[in-house]
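**Q** Chain by chain, the residues:
Protein chains: 2
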Amino acid sequence: MEWIKKMLDGDKRACAKLITAAENNPEEAEKIIREIHTHTGNAHVIGITGPPGAGKSTLTDKVVKHLVDEGKRVGIIAVDPTSPYSGGSILGDRIRMQDLALNPNVFIRSMGTRGYLGGLSKYTKNALKILDAAGYDYIIIETVGVGQSEVDIVKIADTILMVMVPGLGDDIQSIKAGIMEIGDIFVINKSDLFGADRTATEVNMMLDLTMNMERRPPVVKVVASKNEGIENLIQEIKSHIEYLKESGELDKRRKNNMKLEVVELIETELRKIVISHTDKENKLDSRVMEILNKEKNIYEVRDEFLKSIKN
Amino acid sequence: MEWIKKMLDGDKRACAKLITAAENNPEEAEKIIREIHTHTGNAHVIGITGPPGAGKSTLTDKVVKHLVDEGKRVGIIAVDPTSPYSGGSILGDRIRMQDLALNPNVFIRSMGTRGYLGGLSKYTKNALKILDAAGYDYIIIETVGVGQSEVDIVKIADTILMVMVPGLGDDIQSIKAGIMEIGDIFVINKSDLFGADRTATEVNMMLDLTMNMERRPPVVKVVASKNEGIENLIQEIKSHIEYLKESGELDKRRKNNMKLEVVELIETELRKIVISHTDKENKLDSRVMEILNKEKNIYEVRDEFLKSIKN
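Here the protein sequences come in this chain order: A and B. Once you know that position 276 of the first sequence is 275 in numbering that gives the first Met the number 0, the rest is easy, because the numbers rise by one and skip nothing. Once you know that position 83 of the second sequence is 82 in numbering that gives the first Met the number 0, the rest is easy, because the numbers rise by one and skip nothing.
Hints in this document: simulated from the structure, not taken from any laboratory. One or more hints might be untrue.
Because identical chains cannot be distinguished in the list, a pair is counted as satisfied if it fits within a single copy or across any two copies.
Derived lysine to any residue pairs resembling SDA-like cross-links, with alpha carbons at most 20 Å apart [claimed, not checked]:
{"hint": "1", "residue 1": "Lys309", "residue 2": "Asp136"}
{"hint": "2", "residue 1": "Lys293", "residue 2": "His38"}
{"hint": "3", "residue 1": "Lys306", "residue 2": "Asp191"}
{"hint": "4", "residue 1": "Lys293", "residue 2": "Asn281"}
{"hint": "5", "residue 1": "Lys220", "residue 2": "Ala20"}
{"hint": "6", "residue 1": "Lys16", "residue 2": "Glu299"}
{"hint": "7", "residue 1": "Lys220", "residue 2": "Glu245"}
{"hint": "8", "residue 1": "Lys244", "residue 2": "Lys293"}
{"hint": "9", "residue 1": "Lys306", "residue 2": "Ile274"}
{"hint": "10", "residue 1": "Lys258", "residue 2": "Glu289"}
{"hint": "11", "residue 1": "Lys282", "residue 2": "Ser307"}
{"hint": "12", "residue 1": "Lys5", "residue 2": "Glu29"}
{"hint": "13", "residue 1": "Lys30", "residue 2": "Asp8"}
{"hint": "14", "residue 1": "Lys237", "residue 2": "Arg72"}
{"hint": "15", "residue 1": "Lys11", "residue 2": "Met257"}
{"hint": "16", "residue 1": "Lys293", "residue 2": "Ile35"}
{"hint": "17", "residue 1": "Lys271", "residue 2": "Lys309"}
{"hint": "18", "residue 1": "Lys251", "residue 2": "Gly54"}
{"hint": "19", "residue 1": "Lys251", "residue 2": "Glu280"}
Just so you know, these numbers come straight off a predicted model, no measurement behind them.
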């Protein structure tokens, strides 16, 4: 495809085109991913998550600017579960990061969850692969860490930043253990506010209480709006990357993620087979009537379908 | 099985035993459901849902007492997503409805969601079928209507009561359309509180705005704690049952629910096949390494697995 060639040459518009094509059509997505496969696996993926109001967008801006100043190319996928926009232009290009979006070394894509019911992570993964193939050094996935699906998305990342703010108080306690456990670096943003030290202490205590950690995540205080602490944060990100590579953890994570992806793809195909079998000649309708009329039980009907699928 | 015979004779202990057996072991569940199948389909299932603090438990108590006074047998499945208890004794028997639990015509089961990750509705459906076969005239499923999974559970019901309280104000507006749409009867509990009329008016307005309703759900004001309005509510439940039967809606709902259940069962079996195929001789591990080493792309690997599954 011509667009793929352009994208591999670093054309931002081609990138956007391909991401949209992959979103709109699963077959197109498959074609694209098949073709770009050998170009993937080079970008380092940073997930940024945390409660609404934690200042994740501002933090993302500052981190990206810092990386760009180092001469890196950065792709951003902003997942906003409350946004009705998808397809990426409005939120990404207008409201936030207006100057960044104009930078030739930065690519921004917003994804609203509306219209992606239950399947956003698939689209995020495809967009990630396209940006990876396009040669972005870092790809940042920013999500609001509220639901399980946002947590799932952020789990694709190599390095996960968990952003918190002073004054959450009880909320920190109520953050589910599962969410605490996925953080590789804890960032206390707005740390010029009253209570920042207490929040940092609380997070540190929670981390100390968590057993079975191979690596104790650092807690970093920043004031993103004033660009304070960002350099330190970047250092922590880099030492996490070092750790991931040296410990073999990077390979392990990517292998695990790939396993899940393969199983998901197989299940998607099998689901299609189930649907085509049960829809055929209203088979499901007539079988269900047999269950309701007590001629057959539900497991007998299931077994009949399974038999016909295997033939 | 001896327990099934006892359960069919109305033995409460046998009921509890079978529900626990079905929870603990999917094969046991299949065996039980296969055997009791012809005895199911007779109970009328009432779902009671609404936000925390709406007084659903008290309302359930009063509704159950009323039905028992009419000479009916009533089963209750209380789904509490925040409760660590499952297996049904503690919440159900001790804290709530102590006198009801002793009534020979009432069966109470509590299910906490911990330990059921993502699959509570399966267990609820099995418990429902066992109670149905045991001859309970009404089965009440009480859930806290917060997450999608609780909504899914309550959708199993024939008649769904949506419980609200005065003073929710903005919250009512924010109740998702999808949740409003599943209510068959809207109950304003604690309607002796200030603002009850306004809440009723708001709910009525929302219902009037909802298009494409074959039947306009009634809005019923009650004060469950004082037993006020319960008789009226029971009347509304009964006229809904009448409506369901006469309009053919009952058959339609049960048919749709059964379809979903069959498809879910088929998918569960196929998932087992995927797992057994991919786990065999660490096949998934070696294939994933081929992807990460860029020898194959993910779709090639998927297709290989699909081929081996079909053979």
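**Q** Taking the hints in turn, state whether each one holds.
**A** Okay, the hints, checked on the actual structure:
In the homo-oligomer, the alpha carbons of Lys309 and Asp136 never lie at most 20 Å apart, since the shortest distance is 45 Å inside one protomer and 41 Å across protomers. In this assembly of identical chains, the alpha carbons of Lys293 and His38 lie at most 20 Å apart only when taken from different copies (9 Å versus 56 Å within one copy). Proximity of Lys306 and Asp191 under a CA criterion of 20 Å is satisfied in neither setting, with 65 Å inside one chain copy and 59 Å between copies. In the homo-oligomer, the alpha carbons of Lys293 and Asn281 lie at most 20 Å apart inside one protomer (19 Å), although the nearest pairing across protomers, at 43 Å, exceeds that limit.
With identical chains, the CA atoms of Lys220 and Ala20 are never at most 20 Å apart, being 40 Å at best within one copy and 51 Å at best between copies. Taking identical chains as interchangeable, the C-alpha atoms of Lys16 and Glu299 are never at most 20 Å apart, the minima being 48 Å within one chain and 24 Å between chains. In the homo-oligomer, the alpha carbons of Lys220 and Glu245 never lie at most 20 Å apart, since the shortest distance is 26 Å inside one protomer and 66 Å across protomers. When the C-alpha separation of Lys244 and Lys293 is checked against a cutoff of 20 Å, the pair qualifies only between copies, where the shortest distance is 19 Å, while the shortest distance within a copy is 60 Å.
Taking the shortest alpha-carbon separations for Lys306 and Ile274, both the intra-copy value of 14 Å and the inter-copy value of 18 Å come in at or below 20 Å. Taking the shortest alpha-carbon separations for Lys258 and Glu289, only the inter-copy value of 11 Å comes in at or below 20 Å, while the best intra-copy value is 39 Å. Taking identical chains as interchangeable, the C-alpha atoms of Lys282 and Ser307 lie at most 20 Å apart only when both belong to the same chain, with a minimum of 11 Å there against 26 Å between chains. Taking the shortest alpha-carbon separations for Lys5 and Glu29, only the intra-copy value of 18 Å comes in at or below 20 Å, while the best inter-copy value is 55 Å.
Taking the closest pair of Cα atoms, Lys30 and Asp8 come within 20 Å of each other only inside a single copy of the chain (19 Å); across copies the shortest separation is 60 Å, beyond that limit. For the homomeric pair Lys237 and Arg72, the shortest alpha-carbon distance inside one copy (15 Å) is at most 20 Å, but the shortest distance between copies (66 Å) is not. Neither within a single protomer nor between protomers do Lys11 and Met257 lie at most 20 Å apart by alpha-carbon distance, with minima of 27 Å and 48 Å respectively. Only between protomers do Lys293 and Ile35 lie at most 20 Å apart by alpha-carbon distance; the minimum there is 10 Å, versus 53 Å within a single protomer.
Taking identical chains as interchangeable, the C-alpha atoms of Lys271 and Lys309 lie at most 20 Å apart whether they share a chain (14 Å) or sit on different chains (14 Å). In this homomeric assembly, Lys251 and Gly54 never come within 20 Å of each other (Cα to Cα): the closest approach is 31 Å inside a single copy and 49 Å across copies. In this assembly of identical chains, Lys251 and Glu280 lie within 20 Å of each other by CA distance solely across copies; the values are 19 Å between and 46 Å within a copy.
Checked against the numbered hints above, the structure violates hints 1, 3, 5, 6, 7, 15 and 18; every other hint is satisfied.
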